[in-house]
Amino acid sequence: MIKLNKPKLTPFICPVILLIIWEIVGQLRLHIAPFLTSLGYSPLGIPDFSFLLPISIIFPKFFKLLISGIILPYLWDTTWRSLIGFVLASLVGVTVGIPLGLSKRAEELFLPTVDAVRTIPPVALLPLIILFFGIDHSMKVAFIFVGSIWPVLVNTAQSVKSVDPMYIKVAFNSGHSNRSTLFRVIIPSSLPGIFAGLRISLSISVILSIVSEMMAGNTGLGFFLNYSKRNFDYDDMFSAIIVIAILGWLLNMAIHRIDRHVLSWYYHSRDNQLEYSQF
Amino acid sequence: MKGNHLLEVYNLTKSFPRNGDNLLVLDNISFNLEKGTLLSIVGPSGCGKTTLLEILASLQSQTSGKIIYHNEKQLNSDQYSDLKLIVFQEYNRSMYPFLTVFGNIKFTLDALPIKAKEKNKRIDAAISMTGLSEFSEYYPWELSGGMQQRVALARAIAARPKVLLLDEPFGSLDTQTKYKLEDDVIRLTHEYQLATIYITHDIDSAIYCGQRIIMLSKLPARIKVNIQSELLYPRDQIATRNSSKFLEYRKELYSSLNLEN
Chain A
1 MIKLNKPKLT PFICPVILLI IWEIVGQLRL HIAPFLTSLG YSPLGIPDFS
51 FLLPISIIFP KFFKLLISGI ILPYLWDTTW RSLIGFVLAS LVGVTVGIPL
101 GLSKRAEELF LPTVDAVRTI PPVALLPLII LFFGIDHSMK VAFIFVGSIW
151 PVLVNTAQSV KSVDPMYIKV AFNSGHSNRS TLFRVIIPSS LPGIFAGLRI
201 SLSISVILSI VSEMMAGNTG LGFFLNYSKR NFDYDDMFSA IIVIAILGWL
251 LNMAIHRIDR HVLSWYYHSR DNQLEYSQF
Chain B
1 MKGNHLLEVY NLTKSFPRNG DNLLVLDNIS FNLEKGTLLS IVGPSGCGKT
51 TLLEILASLQ SQTSGKIIYH NEKQLNSDQY SDLKLIVFQE YNRSMYPFLT
101 VFGNIKFTLD ALPIKAKEKN KRIDAAISMT GLSEFSEYYP WELSGGMQQR
151 VALARAIAAR PKVLLLDEPF GSLDTQTKYK LEDDVIRLTH EYQLATIYIT
201 HDIDSAIYCG QRIIMLSKLP ARIKVNIQSE LLYPRDQIAT RNSSKFLEYR
251 KELYSSLNLE N
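Line order of the protein sequences matches chains A and B.
In this text, residue positions in the first sequence follow the working numbering: the first is 1, and each later residue adds one.
In this text, residue positions in the second sequence follow the working numbering: the first is 1, and each later residue adds one.
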């Protein structure tokens, strides 16, 4: 059961400090750099960092982009693209991960290959993916899929493999079939590990969605980011960065909520055991 | 008497391959068991008691020997199952943490061909019989060790197994809880006419519960002592444990234990 606690201030301390530092640096740049330049002094020949805008200039633009709705189609594009890639990666990752964790032979057969392939950076596969899918949406989804499948797959295999053999013994002893043992014992007790993989994969899918948008096409926050930079609209660029950060935070919170809800037994049993510990 | 046997075990032997050699664990074990009786098996730790139980429950296979389960004429055919259920020693690992007490008991019944109504009736009966009525919606990890052990017992009893196999079920419990559960096991064995095999390393407990007491030797396990107990049921934790017969059996078992060293 999800408990909605009173909003706490703690999570906001860090962002606020970061924003204050950002503002100070921006203001310093704004006032000191022109002054130095006017004296004919160019410190160490460094360019004047004119893109380094203080947050007080970015925020009005950020809200304007949100309220006018200009950025929303881009945000929407990135969101659904990440989610489609993530859902596909999760479905395949879990379905392939389970047999990989169940069978020693399947593990021996496939795991070395999985370990080799998942080390290839997704970006290194991008040219190949473009050759296969062209440069439209399907290319981007395939790119996200290829990059974000590994955490779910490996975590699923690992958690299935490490299910307590006693659980399986008990199920067989009470006459449950292999199938029933799989669905009623092995999968439920692997869920904490599977969810840990899902959370990592979700973050990766957002990252790769943005990377793919920066590479090709004219949709999504990645494109918006690149486009603003090319037009020297640094306030737009920073706004897009903030939107991405908020998107990542929201998606992570959503999956965290689902996780807590589905696995309430797990977190409660853990809290139960930790009750007397210092941590 | 012979015709009443539910389980007959002849010359059961088990060895494990180890470092190119064979490690003999069970050596020529033979016994039989009737319905509604309780057989205690005592033996030192690591003498292969758990292996014996798992072979009886078909979770492992024997190297040689014969195990015969007789099909009883049953009053009601769906009343009893063919299960050989083990109540495992590690109760905290044998309970599913994602299921409640009710769910854990139901899980054991779900593989049996019984109707939902009958299922619920049995679960409720098993829960109240083991004194868990208030805890049926609790998760196992919310319960104490003794309570968890009761859930394990309730789970086995609800399934009405052909043979109930108890693997050191009271090993880590306090004396009070242990006495209570010993009486529960005796009562349930009689009430449901179960055939119960109670494995323990506690000689006193074995004598107290068992209608027959078998003592196994150190590895490889052989039957060293086989006592048909003359202690009467119902038994009483104080009176029975102080009776002359009890002390006589105790002496016999302890002295055969010492002979080994």
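Calculated from the structure, these hints are not laboratory results.
Certain hints may be false.
[What the hints assert, rightly or not] Taking lysine to any residue pairs in the SDA-like style, the calculated list, with each CA pair at most 20 angstroms apart, reads:
| id | chain 1 | residue 1 | chain 2 | residue 2 |
| --- | --- | --- | --- | --- |
| 1 | B | Lys106 | A | Ser177 |
| 2 | A | Lys169 | B | Ile186 |
| 3 | B | Lys106 | A | Leu88 |
[Claimed, not checked] Now the in silico label distances, taken between C-beta atoms and shown as ranges:
| id | chain 1 | residue 1 | chain 2 | residue 2 | range |
| --- | --- | --- | --- | --- | --- |
| 4 | B | Gly20 | A | Ile258 | 51 to 59 angstroms |
| 5 | A | Arg257 | B | Leu219 | 50 to 58 angstroms |
| 6 | B | Glu8 | A | Arg257 | 31 to 39 angstroms |
| 7 | B | Asn19 | A | Ser162 | 21 to 29 angstroms |
| 8 | A | Pro112 | B | Glu191 | 32 to 40 angstroms |
| 9 | A | Val87 | B | Arg187 | 30 to 38 angstroms |
| 10 | B | Ser128 | A | Ile258 | 32 to 40 angstroms |
[To be verified] Examples of chain A residues toward chain B, derived with CB under 8 angstroms:
| id | residue |
| --- | --- |
| 11 | Met166 |
| 12 | Asn173 |
| 13 | Gly175 |
| 14 | His176 |
| 15 | Ser180 |
| 16 | Leu182 |
| 17 | Arg184 |
| 18 | Val185 |
| 19 | Ser189 |
| 20 | Tyr267 |
| 21 | Asp271 |
| 22 | Asn272 |
Virtual Cβ for every residue (Gly too), placed ideally from N, Cα, C.
Hints versus structure:
This hinted pair checks out: B:Lys106 and A:Ser177 have alpha carbons roughly 15 angstroms apart, not beyond 20 angstroms. Under the criterion of a C-alpha separation no larger than 20 angstroms, the hint pairing A:Lys169 with B:Ile186 is inconsistent with the structure, at around 26 angstroms. Annotation: proposed proximity of B:Lys106 to A:Leu88 is violated, straight-line Cα distance about 35 angstroms (limit 20 angstroms). The hinted range of 51 to 59 angstroms is satisfied by B:Gly20 and A:Ile258, whose Cβ atoms lie roughly 52 angstroms apart.
Distance hint check: the CB atoms of A:Arg257 and B:Leu219 are about 54 angstroms apart, consistent with the given range 50 to 58 angstroms. The hinted range of 31 to 39 angstroms is not satisfied by B:Glu8 and A:Arg257, whose Cβ atoms lie roughly 58 angstroms apart. Checked against the given bound of 21 to 29 angstroms, the beta carbons of B:Asn19 and A:Ser162, roughly 27 angstroms apart, stay inside it. Distance hint check: the CB atoms of A:Pro112 and B:Glu191 are about 57 angstroms apart, inconsistent with the given range 32 to 40 angstroms.
Take A:Val87 and B:Arg187: their Cβ atoms lie about 54 angstroms apart, and the range 30 to 38 angstroms is violated. The given range of 32 to 40 angstroms is respected by B:Ser128 and A:Ile258, whose C-beta atoms sit roughly 37 angstroms from each other. Evaluation of the A:Met166 hint against chain B yields a held restraint, the C-beta minimum of about 4 angstroms falling below 8 angstroms. Using the Cβ-Cβ criterion of 8 angstroms, the hint placing A:Asn173 at the interface with chain B is satisfied: the shortest such distance is roughly 5 angstroms.
Annotation: A:Gly175 was flagged as interfacial toward chain B, and the flag holds, the nearest CB pair being 4 angstroms apart, inside 8 angstroms. The beta carbon of A:His176 comes within 5 angstroms of a beta carbon in chain B, closer than 8 angstroms, and the hint placing it at the interface holds. The restraint placing A:Ser180 at the interface with chain B holds, with a minimum CB-CB distance near 7 angstroms, inside the 8 angstroms limit. Against a cut-off of 8 angstroms between C-beta atoms, the interface hint on A:Leu182 is violated, since the closest Cβ of chain B lies about 14 angstroms away.
With its C-beta approaching chain B no nearer than about 7 angstroms, A:Arg184 sits inside the 8 angstroms limit, and its interface hint holds. Proximity of A:Val185 to chain B holds as hinted, the smallest CB-CB distance being about 7 angstroms (cut-off 8 angstroms). Here the hint on A:Ser189 is kept, as its CB sits about 7 angstroms from the closest CB of chain B, short of 8 angstroms. At its closest, the beta carbon of A:Tyr267 sits 11 angstroms from a beta carbon of chain B; the interface hint therefore is violated under the 8 angstroms criterion.
Interface hint status for A:Asp271: violated, as the beta-carbon distance to the closest one in chain B is roughly 10 angstroms, over 8 angstroms. The interface hint given for A:Asn272 is met, as the beta carbon of that residue sits about 6 angstroms from the closest beta carbon of chain B, less than 8 angstroms.
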